[in-house]
Amino acid sequence: MNRIYKVIFNRAKGQHQVVSELAKNGGKTSGNSLLRTIIKSGGY
1 MNRIYKVIFN RAKGQHQVVS ELAKNGGKTS GNSLLRTIIK SGGY
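44 is the number that our numbering gives the last residue of the sequence shown; the numbers go up by one with no jumps.
Some hints here could point you the wrong way.
Straight-line Cα separation of at most 35 angstroms, DSBU-like style, residue types lysine-lysine; simulated pairs [what the hints assert, rightly or not]:
1. LYS40 x LYS6
2. LYS24 x LYS6
3. LYS40 x LYS24
4. LYS13 x LYS24
5. LYS13 x LYS40
Keep in mind the hints are simulated off the structure, nothing from the lab.
Taking the hints into account, I'd like the entire structure generated from these sequences.
Structural data, given as structure tokens:
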């Protein structure tokens, strides 16, 4: 199965992270939603 990822900038850590294609980039999202996305994609 193919998996598609994208790279977003994490302001809290000051670095780029690879996340699921469904993750949001920017805006006022809670830190928990980004963390859940990273955990679900197996990147944490």
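Cross-check of the supplied hints:
1. LYS40 x LYS6: Holds, at about 14 angstroms.
2. LYS24 x LYS6: holds, 10 angstroms
3. LYS40 x LYS24: holds, 14 angstroms
4. LYS13 x LYS24: With Cα atoms ~17 angstroms apart, LYS13 and LYS24 stay inside 35 angstroms; holds.
5. LYS13 x LYS40: holds, 19 angstroms
In terms of the numbered hints stated before, the structure departs from none.
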